[in-house]
Structure formats: structure tokens, C-alpha cells
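Each chain, written out:
There are 4 protein chains.
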Amino acid sequence: MSRDILRGDRLKRLAPESIEYTASTSFDGILVKPVVKINMAHMAMLINQGVVSRAQGSLCLKGLREMPETLQLDPALEDVHMNVEAFLVKKIGGNAGGQLNLAKSRNDQVATAIRMALREYQVNIVSELADLRKTILDRVGEHITTLMPGYTHLQHAQPTTLAHHLIAYQDALQRDSKRLIEAYSRVNLSPLGAVALASTSVKINRELTRKLLGFDGLVENSIDAVSSRDFAIEVISDLALAMTNLSKIAEEMVLWSSSEFGAMDISDGYASTSSVMPQKKNAVVAELIRGKTSTVYGDLMASISMTKALPYSYNIDLQQLTPHIWSACSITFTSIQVLKGMLQEAVFNKERLRKLLEEGAIAATDLADYLAVEHSIPFRTAHTVVGNLVRRSVDEKRAFRNVILEDLAGAAKDIAGVEVSITPSEVDQILDPEKSVELRTVDGGPSSISVKKMIVNRKKGVNETEEWASERRRMLEAANQDLVKTTDELIGGEKA
Amino acid sequence: MSRDILRGDRLKRLAPESIEYTASTSFDGILVKPVVKINMAHMAMLINQGVVSRAQGSLCLKGLREMPETLQLDPALEDVHMNVEAFLVKKIGGNAGGQLNLAKSRNDQVATAIRMALREYQVNIVSELADLRKTILDRVGEHITTLMPGYTHLQHAQPTTLAHHLIAYQDALQRDSKRLIEAYSRVNLSPLGAVALASTSVKINRELTRKLLGFDGLVENSIDAVSSRDFAIEVISDLALAMTNLSKIAEEMVLWSSSEFGAMDISDGYASTSSVMPQKKNAVVAELIRGKTSTVYGDLMASISMTKALPYSYNIDLQQLTPHIWSACSITFTSIQVLKGMLQEAVFNKERLRKLLEEGAIAATDLADYLAVEHSIPFRTAHTVVGNLVRRSVDEKRAFRNVILEDLAGAAKDIAGVEVSITPSEVDQILDPEKSVELRTVDGGPSSISVKKMIVNRKKGVNETEEWASERRRMLEAANQDLVKTTDELIGGEKA
Amino acid sequence: MSRDILRGDRLKRLAPESIEYTASTSFDGILVKPVVKINMAHMAMLINQGVVSRAQGSLCLKGLREMPETLQLDPALEDVHMNVEAFLVKKIGGNAGGQLNLAKSRNDQVATAIRMALREYQVNIVSELADLRKTILDRVGEHITTLMPGYTHLQHAQPTTLAHHLIAYQDALQRDSKRLIEAYSRVNLSPLGAVALASTSVKINRELTRKLLGFDGLVENSIDAVSSRDFAIEVISDLALAMTNLSKIAEEMVLWSSSEFGAMDISDGYASTSSVMPQKKNAVVAELIRGKTSTVYGDLMASISMTKALPYSYNIDLQQLTPHIWSACSITFTSIQVLKGMLQEAVFNKERLRKLLEEGAIAATDLADYLAVEHSIPFRTAHTVVGNLVRRSVDEKRAFRNVILEDLAGAAKDIAGVEVSITPSEVDQILDPEKSVELRTVDGGPSSISVKKMIVNRKKGVNETEEWASERRRMLEAANQDLVKTTDELIGGEKA
Amino acid sequence: MSRDILRGDRLKRLAPESIEYTASTSFDGILVKPVVKINMAHMAMLINQGVVSRAQGSLCLKGLREMPETLQLDPALEDVHMNVEAFLVKKIGGNAGGQLNLAKSRNDQVATAIRMALREYQVNIVSELADLRKTILDRVGEHITTLMPGYTHLQHAQPTTLAHHLIAYQDALQRDSKRLIEAYSRVNLSPLGAVALASTSVKINRELTRKLLGFDGLVENSIDAVSSRDFAIEVISDLALAMTNLSKIAEEMVLWSSSEFGAMDISDGYASTSSVMPQKKNAVVAELIRGKTSTVYGDLMASISMTKALPYSYNIDLQQLTPHIWSACSITFTSIQVLKGMLQEAVFNKERLRKLLEEGAIAATDLADYLAVEHSIPFRTAHTVVGNLVRRSVDEKRAFRNVILEDLAGAAKDIAGVEVSITPSEVDQILDPEKSVELRTVDGGPSSISVKKMIVNRKKGVNETEEWASERRRMLEAANQDLVKTTDELIGGEKA
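Protein chains in written order, with the working numbering: chain A, 1 to 496; chain P, 497 to 992; chain V, 993 to 1488; chain E, 1489 to 1984.
One or more of the hints may lead you astray.
Stated by the list, open to error - Straight-line C-alpha distance at most 25 Å; calculated DSS-like pairs for lysine-lysine:
1) V:Lys1444 - E:Lys1691
2) P:Lys508 - E:Lys1828
3) P:Lys909 - A:Lys90
4) A:Lys397 - E:Lys1843
5) A:Lys350 - V:Lys1004
6) A:Lys485 - A:Lys203
7) A:Lys452 - P:Lys699
8) E:Lys1843 - A:Lys355
9) V:Lys1195 - E:Lys1941
10) A:Lys203 - P:Lys949
11) P:Lys846 - V:Lys1389
12) E:Lys1885 - A:Lys350
13) V:Lys1004 - E:Lys1885
14) P:Lys508 - A:Lys413
15) A:Lys178 - P:Lys674
16) E:Lys1578 - V:Lys1405
17) P:Lys931 - A:Lys203
18) E:Lys1843 - A:Lys350
19) A:Lys12 - V:Lys1332
20) E:Lys1941 - V:Lys1203
21) V:Lys1082 - A:Lys12
22) E:Lys1901 - V:Lys1082
23) E:Lys1691 - V:Lys1170
24) P:Lys851 - V:Lys1444
25) A:Lys397 - P:Lys508
26) P:Lys949 - A:Lys211
27) A:Lys413 - P:Lys586
28) P:Lys851 - V:Lys1389
29) V:Lys1405 - E:Lys1500
30) P:Lys699 - A:Lys435
Unchecked claim - Sample of chain E residues at the chain V side, in silico, Cβ under 8 Å:
31) Asp1497
32) Asn1536
33) Thr1648
34) Asp1712
35) Asp1753
36) Ile1792
To be clear, the hints were calculated from the coordinates, so they are not data collected in a lab.
Beta carbons are placed, not taken as given, at the ideal position from N, Cα and C, and that holds for glycine.
Could you build the full structure based on these sequences and the hints that come with them?
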């Protein structure tokens, strides 16, 4: 069979240059398995409803059960749908095989198959994200007291800990995970039975196919069912956000492993050297996470602009959207995977991080807070006083500690009109980053007490995510076994 | 006060061209109200915690209560934060006013204010979407028996009804609504207390400010709190999807109101004429919905690529993201509004829609299904038989009905090897679109029975959405009254 | 050889999941031929400069000449560069083969190879565009007197001709062509010799390799040479604009071939039928042009955001940009190809186009112009008078001609205070679309005289484009032969 | 007058929510001046052609000459066109003023006005880019011998000079400049006379208005003239590329001014401090260049997707495109401006750059080249030998120089089977970055000889650009004076 089976009595041949142009076979491989299952569930339902005879139907089912998962797709047959039908007809003949698409169309079938492949990706990505979050929390646990400069604008801002910093990674990824889980409720719905767009007068049973294919509900309105791809674009957009969060982590790995920062050693397994410069050790995996993030942006922009202003119902522009789904899914999945390995093996350079703290006047806020709280200088004035001291320190190249000891009283007097006397040991207390950090016991702060509380909650969060993924896998597997059992019975019954 | 208050003792003056370039005052207007409330809640908390004296604190609160909502923002003061502080200092003096930013930073304040303005937009958009969905369901109710050609590829495909078609609109918008509601749980969280990035050693109470500002929880980790904008990009992405769905409806309004389709009259209130061609009546509102959809795509692409590969924590790139949030929100809100009016007043041309049905062989699928089900011809073969008849009808310019009557038996014999005899009344039954539609009683199909069932469920869905919006408004209002009452007491107490 | 050749004495093995993640072999196929040529030119130059001995160098050259164009790329070898080197080393041994990358790096080699593959695509696309423009001009020539309604806002605006309309297609494509030609001057420059980023102390000759590889000049600064991809993004952007113009033509083909417009029959070679609805003839090729346009937008957005804020010089993010170049090029090339065939074979329905003219008051502007010019009514007032007549025609369902005859005098009197009497034959003149069109003799207007002038100029334009493409092909071929001859001599010399 | 002038006798009132939604007055300000000029040129032409009487025409001209440039635009009047017409009618009455739009439409007028405003922006941006390039070349001149590590993958790669590095900036900007200049030839064309879409039967003279408005040619085909915005999207895309190049420079300024790099001090005029942390000096201007780059990406994506698949000719979606043009232009212009100031005042820390060179084995390539060239070890083998030494240096924490002296002979023997003996002074030569750089005399390399040659050429390039901009300004000014003179004569003539 070829496309000409369809066209034969209606349209003349496709122009040669149209064949490749209109085929989706180059990216339909992932849909073979779902399409076969859909055909099985649909045929089982048609038999059940008495629409197709058990004899013919079970022949179809047998043929479908023997369909190779790695079916080679022929572009001359346009897409996965016609390839599967052609394979079956070749195997079992046109009499039975020709019934395969009674009350079913490529329009509903492709929407169903995409949702089946996508939901699996979603579960796997959520699950991989949970692993990555666990990895991060493991590193958090190791670095509760590892001091480092907190950055804003890539400038040293205030002291914090590596643990506190890394929890920010996990929290962003937890939201990414949440979004994908919520989108699942819009993905895992069955469009099957919508047929071309207006359902059918054939007495089908959408509820039965829904159940056999493991869907949680229907995309009820049949026009909506074949026209909509917002479920997929939503997932691509969720993945684009997840990649954005990964790209921020990757950026820090590139920065921190630079000679200038010296804060992290990336494991050889995630680095490359140069074909010319033998000394190089480049954080190529991190750079590629950054680069691939943009490819997912491209997938998002392509797919959303593709559906803009399309009239109802199905238009084949939608065929062009499908490869962007798989691109985004596969990039995100593998990016999480490599980042997990990279983070597991990364060596943080504690001494260097501690040393970085000593550059600049990172305790300036602590000093201003001290003046405000202990000496009742209005905060804005205290800020000005300390700014003045910092400027002196920079301009006159004097250590900040010395400037405080020598000039604070004068500056406070001049600017705030307040008498302030401070002892060297008070200054040392203020400048001590351990102390500064441990005083930040506020919810979500860097003190070890705050961090430990966060770890506990987040571990619980990871567990919940893992349970969600396990439960979804269990349900999909159960539906699958139900489908196998149902077809077994129908085939067996026929045999008997 | 000017920026130089901040800079004065630390940095020399900004270059003149930097002033405008770095200011956010041109788009910060929407944040004035939230920023004032945040300052009130924060100061009330500081008094409560004993960090600021009641005397000074209540002076601040009084000043803030008198802040004009339409505060003119001066770019020389950089942003809404410094403008509000400067206004207050001018009003109540630097002693009290200078305490306003103790243990609070622009980094956490802006994230908090954005979330407050955004959550309000979200509730309003969801509520407006509910109104639009109601309007659609009203039109559905009027057109349960209005026949029209269902389209795929902009070609007549199968008969359906206008009601069935319009339900597809509502179902897409219901998903848009669902997404915005789910995103709300990530938006309505308080970053306040994160201060610059590392929280503070001052004894603040994040839980109290959370409650006074109507947030449902905290963005706990303080680095995450100031660095993250994924909550906003998620909403922009949800809005881009909603606009995409609106653009599809708009596209159909443009098409249907064309002379060629003639299927819809757009009310004058949503059309324009030409400055040159006095006969023109252009569906400009629908066209602009389509055009503005792309602006929201631009907002999405701008904001997501802006946060790519940014190192932690706050970078001022994020300032540039904010106007894209308001652009997307305001476009979506007004687009829903105009579309609602346009759909309410649109006049569907039933006669024309009915007449369009008669062009082409729209019942071809029904005939193929009939051959498959009634004459046991495998569907694919039946499809070929009917394709052959259609081709004859087109090539020989004969009415499809006549071709069936005259040529079906022969074609069925030749192609399928099956004897088929069909009576004129059987043909008329198959070709009758009313009958075709009413036979499609499957879930989600166009039959009046299926449509009526869908209407009932969807009205329930709209009600649930409306309740969600009302509940959110109630909660925000309650928090607001709590804030007013709390500050009243603190101010009053001071007086007493 | 494997990556471990490079890594072996510097870095431990790659993690298994990093291998696939960092390899570019899946999209490097197009670069095999250029990379082999670059290696030949580079080695010829090294021999010429006395850096590599003729004995070793000519061994390399011989090996390279025997390199299969369809070299299978092994991901374990990371990229095309290492695959080619490994193949050669295997063939001729490491002593000679190991010299291949002296004073050459993957950084300059990949930039050079991309430019070579891209310039070829550019010439081919420009040439294919010229063919399409010629096809359009052929159709223009057939339809100089084919009347049709000119549209604005998809509403009938003023009469025009199909020829006039189609010239607008060609003019947009001519600009697309111009842009690609101009970009060529930035693409066809040699980065070779930049090596990793800082050129080399080895005595290479960049001018010689430039000439042997057919480049028109150098990307001189060696840091710029390896860091820049703006040349490629510029081309992708030019292609995105070209696709946008194609998408507009495609959209009209979808619209015009709808049952409602009925203005065009698409040839079967560019249409598909449905798997369910045997009557369908869908303009799938046109729809896919529309859809694939968005994929190119995705390529543009991906590639431009990928290079944003990258520090100098080479970062491997750039590797991820490359497949987007080929995606955009290949989509555009094939889209032009199918559109050309589709336009060649499309049948325009002249009668239907003529009939559409009669709907609505398309001559309203002519009437207003007539009142302004012949009766000295200010144009805005004349516009109002005619608007009034149109409204009466619509509201009272009277033919526009009758309304003019019966109501014009009154309306002109009431609104403009001017006495206007008009005869039936004057009205017929104004309402006559042939006349209306032929009066528009202004430059660029629809009159046959204006159109014929435009055809002549545009044919000249197409010829100029074709000459540009031929000249480029000739120059590249000449350089290629020079390269072959040079290596022949070096190999031969060695033999002698 | 209000919109109802146009609508009055044709359409009922706009719905209140449609007024704001459809108005372009919020972003039409920039078009007031061009629209007034277009009206002047058009009216002068109509008088000249004898279409409008000198009496009426000169009244219009006088009114237009008195039009305030800062005309307040009323949204109730929809757009700049109707605002200008209404203002004039109010001033000189409807008899003369009503002629203003004879043979002219908003469709051609807006396309003309956009091109006039855009060309001015283009000239200014090109000119500002020339200034920035000059600034860069000045800094290049100061740093010809300032050594620094060249980076790839943000890792130290090979020694280079700051001059060499900065030239890469200028070269990218030179291409940006070139693109804008080439686009000018597609922008500076007159669509005027296309009227709504089909030109007009009124005897206008497009050549005359073209000349009076300073255009270099016509957008000839009248349908193309009103439908096309590719000229504008092309410029937005050129600006997006320019911003990308600016963002790369900005990224380096952020990195280099970090405490870790310490390679650059940003002048206070381009930095901010924190509202909380008084020690902070943040490179906010550089960060905002980075952020605003994404806004321009958004403008590009919005505008290109807005025109996708639009049928011909004018659709009001195009109105929504216009603000994106001004956004992209204004962001790019001001970004160039601030970057210029920032680069002028930046202080490069020579000592720190020199010190960075000493970290890592940055001379590894030089050593490998030495082994390949001086000891005839195949380059790949030499690379392996040096890689081995680097690994020892890293793993055993020994200075690279010592490892070479002590281990090179052994490693060369073991790996390459070659006897290599090297003296300390040879090693010092190889490790000497000054020497390494000065040996790179290849075209485009970092040696002072290569750099000086590049400076000379680039200064010439800047001059050529400046001449282009001056010439364009001169031509536009000449056309403007011609327009003033022409209207003067017509007004004066009338008076006489």
C-alpha cells in the first residue's frame, strides 16, 4: 500500500517534491508504540460494541500484537498511521485490516498518540527532577557550614552558606516539577472517538478506549479534541522554564570553575579538553545545558506561533508542531541527567569560598543594621554612614576593619549627629561571617537552624514527587495489562 | 531626596544618559499601591517585634496612610521604592522615615509588590474569562440546531452544529482559566523578609507580614525569593496560550464576516470603516486580537530569555522583565473584554451556514460508514469506493446525490466486489445533515443530546471558576482590612 | 582513535551520559565535505610555507583525497573534526596524520566549514527564489486582465487584477533575495588561521588558504573569527523573513482554494485527501509552508538567544547553534521548491474572481473620488455622502447602483449642500471595474499599462539575480579546481 | 471631529471598550512630524497636478505649516492620521481640510510615515555606533601591549592583548553597522500613492512626493506598498543582532568588574549601590544592556509572528507592529550611548590582567607547537605529551615550568619516542607571554604589528560610516528644505 491507496480514486499522484515535504515519518518513530496500542484498544472496543465481527476484529488484534516496535517508517506512506495500517493490511489482508480505521481518523489518533508519548516523558522528567533535587539536598547536607559570599549583581553582597545557596536551586526545580505534574491533568485525557472532528454515527464507546489506554478522562468536545495542542505547548513552556533554571545552575558551574573564581572543580566526566590547547579543562556539559536551553526556547516559540490564528478544527500545521515536543522533552530529560551527575561529582573549594568572603566590605550591612538597632540611627542614615566608611576604605586602600575602628565615631557624628563608640571586639563580632550567618535565623535564612528546617521539608517534597511518579507509572502499567488481557481474551475467544 | 542619598557617600553621580536608562519609573506606576502596603505591613511588624519604637513607627504608618495612590514617579529617584521612601522622608522627616528600609531591601520588596499586582490581574483575568465563557455558552444555547459545515484544513469536512463548534471555544478557555488558577498558588507567596538575598539578623517576623499582605505562604529560601521570576514567566506563558486561543476565535470572526463566507455579521461597535473606502466594514477588533497575541509572544520570549543563565541571586536584568508582565496582563484582559462584547453582539447567519453545507460532498464519510457498517465493506475499501464517486462528481460536474444513485452499485462491485443496492430515500437519509448530526450521540459529539449534556457541565465549570475568583477577592480584601485595622491600632495607640 | 586520544593524558573518561550529550555528530554530516577541503587547503599551505615536510604533507593530502564524502560519524569521537582526523590517522598513521591540526583548531575549522556549507545553501536558495519569481511573473503575464476584488482586512476594498496582486508576491521575494545576497558578503569570509582564538606563532599563510577555499576575504581579527555567529543568525533571520512572505502566499492559497472563496484549484500534486473523509482535497503543502515558517522562527529565536551575553571568545554553546542553521536553510529551500510547483499548476478561477467583484459596493471609492474631482465636494464630505448611500444599500437591501441613481442627489444636497445630478450611464462607468482598473495608470497601479511596465523591470531583476548566482557558483567551482590542482601537484611532486 | 466623522453615515458607534483597544495614539507621537510633512507634500503635489485648486490647497498647506509638533493625540480619534486631519479641519474648515485625504489613505500614509521615522533612527544609530567604534579604537590604542589571558569556555586559553581583544568588539559592531546601512536601501522608499491598496484614478504624481519627502525610490507595486513590513522587521532583526553584540561586551564588563576577575573598574557614572548594602558597586548599566537585549528579541518575535500568514493587502494587525519598531530603535540607540560612556571611562587593571596570565599553563599550546615545529613531533603527539605534563602539574601541584624542566624529556621519550632536551632559558622563552604574543604576527593576530595594521583599517572603516551618515543627513535635510520652499511658493503664490 502507499499513499495512493487513499488518494487513488480521489486525487492524482503527489508531486515528487511534496512527498518528503508532507511526510512526518522522520519524527514519528516515538508514536509507533502508542499508535499500535490505540489500534488495539479501538478494535477491542469495536468488537465489544458489535460493530466489527469478532472474527475480523481478532485478526486485526493478532496482527497488531505482532507489530514490531521498531517498525521502519516509509515516507511514501506519509505518517505513522498509514504505515501501521499498511503493515497490518499486508500481514492480514485488506478485509480485516481495512476495518482498522472505521470510526477513527488520523486526527484523533495522532492527538491520542502524542498524549500517550508525552505523558510518559512527563513522568520520567518529573522523576529525574526528583533525583536531581535529591542530589542537591545531599550536597546541601554536606555544606551547612561552608561559608561563601552571597552575590547580587555578581558582586559580593552578604555572607551566606553554600547549603543556603544550593537550596535555592532545589526550590526552583521543585516548582518546575509542580508545573509538570499539574499539566499532566490536561495531558492525560483521551481525544479518541473525536474521529475527524465531529465524532461518528458509528456506535463507539469512548469510555472503554479511554480506560484501556490509561487516560484519566476525555477531551470531550470532538472539535476541541482534534484542534487543540495547548496541552503540548504548556508542557514545552514548563520545560523551557525548567531549562532556564538549569541554565542558571550551569552558568554558575561555568563561572565557579573558572580560574578567577576557583570555587569548584568539575569532574573530568563532564569536562573536555581542547584539540589545540592541552592544558584546557572546559565545562562543556554546563555550557551545552546553557546552549540547549535556547533550543527549547526555539521549540516554544515555534510551537506557539504555529497555532496562532488557526481556524478550527484540524489543520496540518499541527503536524509540524510534534517534533518540537520531542525536542523539548528529550533535551530537558538529558540535561537533568547530566547536571545530576555533574553536581554529584563536583568538588566545592571551601577554602577558596571562605577566602572570597574576605574581599570587599561584605559585612557592611551588618554594620548598618548594628548602628540602626543598637544605636537608634535611622537605617537610611546608618546606610550613609557605612557607605562613607566603605568609600574611604576603597579610596584610601585601608582595611575596612581599620576604617571602622578609626573613622566610625567621626562619621556617625558628622552624618547622623550621634555619638558612637565601638570596641575592636565588637567590630570583630560584626565582621565575623560565621556569626553574621548564624544570626540569620529567620525563616528561609542561612543560619544552620533555618537550613536544617528547610532540608527536612524539602526531603518530604521530593518523596511526594517520587510517589506521584510511581503512582502514575503503576496506573499506566495497569491499564496496559488490562489492554493486553482484553485483547488476549478476544483473540483467544476467537480461537476457541 | 534623590538617588544621591543612596550614592552620596559611596559613589559619584550617575552619568546623565544613565539616569533614564536605569530608571524603572516609567512602568512602576502599578506598583505604588502594593509598595505602600508592603511598607505598612513591614513597619507594623517592626513595631510589633519591638525593633522600631511605636513613636517612630506610627509616624511612618501615618505618613504611608496618606500617600497618594497616584504618586508621580521621578526618574531621578530611579524606581518606585526610592520614590515612596523619599516622599515619606519629605513628609515626616528622616528620623522616622529613615527606618522604613531597615531589614527590607528593594530586592525583596519589588518581588513582593510584583506578586501583589500580578495576583490581582490573575483574579481579574480568570473572572473575565468566566464571563466570556458564559457568553459563549449563551450563544451555544441559541444554536443547538444551527447546522454548519465542520471544517478541517479550511475545507468542508462533516456536518456539525454551531453549538458544537462554539463549545470548542469554551473548552479551550476553560483550560486557560485552569492554568492561571494553578499558577496562582506559585504567585501568591511572600518573598518579604528575604531582604537583599540573605535575610537579616534583625528579628523580623515573616509570618506576620505574609498574613497582613494576604499571601498564602512564603517563598521560603531567601536567595530563591529575590532571584526567581519563573512565577511571572509562567503566567505570561499562560496568557500567551490564552491569547492563542482568542486569536483562533478572532481569526474565525475575520473569516466568517468576509463576503465570501458571509456567515457572521460583526456588530458596528467592534468594526471600523476605511478613511478612503466608504463601503468598508472591517473586523478591526478581531484583527487586533490576532496582532496583540504576537505582542504577548514577544513578552514571553523577552522575559524567558532575560532570565536565562543569570547567576544567583538578584541581577537588575530582572527589572527589565517587569513591564513585560503588565503588557501581557493588560493585553489579555482587554482582549477578553472586547471579544466578549463582540461575541455577544455577533449575528450568525443561519441560512448561509445551512447553504454552505450543500456545497461539496460533505456526507461522504456518512456514506462510507454506511457501506462499512451496513454492507460489511471494510472501511478502507468503502473509503475508496466513495472517493471514486466524489471524483466522478467533481470531474463530471454531476450532483453527488445523482452519482450515488447512478454509480454506487457499479463502483462497489468493481472496487469492493460487493453488491450494493441503495434506494433514493436511503441516499436522502445519508445526505441529510440534520440526521447525520443527530446520529452522533457519542460523548462530545454534535447531536443535540450530546451538546445539552456538555452545556450543563460547562455551566457548572463556569460557576466553580467564579467562586474561585470571588473567594480570592474576599481573602485579599479581608487581609487588606486586617492591615488597615492593625495600622489603625498602632497609630491610635500612639496617639493615646 | 577516540576522544580519549585528546583526553588521555589530560582528563579521565567522559561520563557515559555526557558522550551523546556533547557530541555534534548527529548534525555534522553536512560539514564532512568542507572539513576535508579545509584540511587539504591547510596542509597544502603548511607544505608551501615549509612548516610540514612535503613527504608527510603529501601523505596527508592523499589520505584526504580518498576520504569518503559519506563518512559515518561516530559520536564517541565527538564531532566531525575528530572523526576526520581519526579516519586519516587510521589510514596513513599518526606520524603524518598527527600534523593535520598543527596551527589549526576546531574553533576556526568549524567556523570555516559552517561558512562553506552555508554559502552554498545561500546561492541555492537565491537561485530557487529566482525560479519562483519567474514562475510568478509567468502567471502575472497570463492574468493582466483578470479582474478580482482587492482586499484589505479580508474585505472587498477596490477592484484590481490578479496580475497586480501577484506582482506583490514577486516584489516581496525580490527583497528576500536581496537580503540573502547582501548577507553573502559577510558569510563568505575565511576565519581559518584564527586557530583557537589567538592565531599562532607557526608561520601560516591565511591568504593562501582563503584563496584555495574560495573565500572573498578574511574574518581578520582572530578572536572575532572564532566567537562570531552573527553571520549565521543574520541568514536565519533573512530566511525567517522569506518564510514569512511564503506563508502569506500559502495562506492565500488555503483561503482561495476553500469552498467559500472558490478562487483557485490546487493541483492534486500538492493536495491530500483525508483518511476518513473521501471527499476532502486539502491544501496540505500550503498549510505546511505556514507551519514550517514557525519552525524557522524557532530557529531564529534559539540561535539569537543562544549567543546573548556570551563572553569572548569561543564557547561550546555555539555548537548547539549549528543545527538551527541547517534547519532554517533546508526548510526554506524545500518550501520555495514546493510553492513554485504549486503556483505553476494552480488554476485560477477567473469567473469566480469576477463574480466576487459584484458583491458589496466595491466601487464606493471611485464614486467618492468622482464627487470630489468632478463636483468639487471636499473628499471627506464625499466620503460621508457615499458612506450614507452604502448604509442605505445594506440596511434596505437595495442594489448599490439603484441607491446611487435614486438617492445620491438627495444625500449630496443634505450632507454636502451641493447639487449633483448623475445619469445611469455615468453610474455604470463608475461602477465598471474594468474601467476603474484601467484608470489607475499611476506607477505601481493595476492598469495594464502599469502592470506591463512592472513586468519588464522585474524580469530584468530576476536575470540579475540569476547572474549573481551563476557567478558565485563559477567562482566557488574555480577555487575548488584550484585546490584540486594544488594538491595534485603536491602529491605528484612527492611521488616524482 | 471624532471617529464618528468617518463612521457617522456608515457604522454606528464603537463600543466603549473598543475605543482604547483599537487606538494607536499611545505610540503614534513619533509619527506626527512625518504625517504633517506627508500631507504637505501630497497637497503640494495635488495642487501641482491641478487636482486641488491653489486656493484650497494653499489653505491646507498654511494650516499644516502651523501644526504643533507636539500635537496631543486623542484616542477617540483613533490614530495620528485622523488627529492631524481633525486638527486641520478645525483650523481651516472642512471645505479645504476635507481635501487632505483625496487620493491618499491611512494605509499608504502610515507606511510612508513609519519609513520616515525609521530612516532617521537608522542614521542616528549608525552614527552612534561609529562613535562607539571610535571609542573602542581609542582604548585599543592605549592597550597594544597590555597582556591578558585569552579565554575560551571562560578558561584561560592563550596569551593575548587587551587591544586584540577589544578589536573583536569593534569588528562585530562594524558588521552591525553594515547591516543597518544595507537595510536603509529597503527602508528609504516611498509607498505614497498606493492609497488604500490599488492606487487611484486621480492623476497623482508619485515621483514628485517621493522627491519632496527625500525618498530614494518607490515601493512600486501599490499592493506591496501597503502590505509589507519586512523592511521594518529586517531593521528590528539587525538591531537584535547589534544588541546581542552589545550584550556580549556588557557581560564581560559585569564579569571583569567582579571581585573575582578584578580586571576592570567601572566608572561611578555607570554603577549603582544597594539600598541595603552600602559597600555595593553594581554594574547596573551593563546588566540592563543585557536585559534590554531580550526586550528587543521580544520585539523581533512579536513583529515577525504578527505578519505570518496574513493575507494581502493591509490588515490592522500591522498597527500593532509599529510600537515594536520604536521600542527596538530606542533601546538600541540608548544602549550604544551608555556603553560608549562606560567604555570611555572604564579603567582596565593591567596588573591584574598580567597576573591572571600566570595562573594555569597558558603557554601549553606554545610548548606543543615548539615540539611539533622544532622537534618534528607530530602535533597530535606533541599535544598528548604536553597534556601529560599539565596533568602532572595539576595533580602534583608543581609549577608548570618545573614540570617541563624535569619531566619533558621523559614524557617525550615515553609518548613520542623522541629525545628532547630543553634548557631553562628555552623554557622561559616559551613561557614568556610577551614573546608568545609578539610571535603571532599572522593577519588578525595579537602581535603589536598585526594590531597596528588592524587599527589603521578600522579607523578608515569608521570614517566611511560617518561619511555615509553625514551624506544621508544632508540629503534628508535638502529634501526637507525643498519641501518648505515648495510649500512657501504655493502659499505665497496664493497670497499674491
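Query raised in the report: Which hints from the list above does the structure break, by number from lowest to highest?
Result: Failing hints, ascending: 21, 23, 24, 32, 35.
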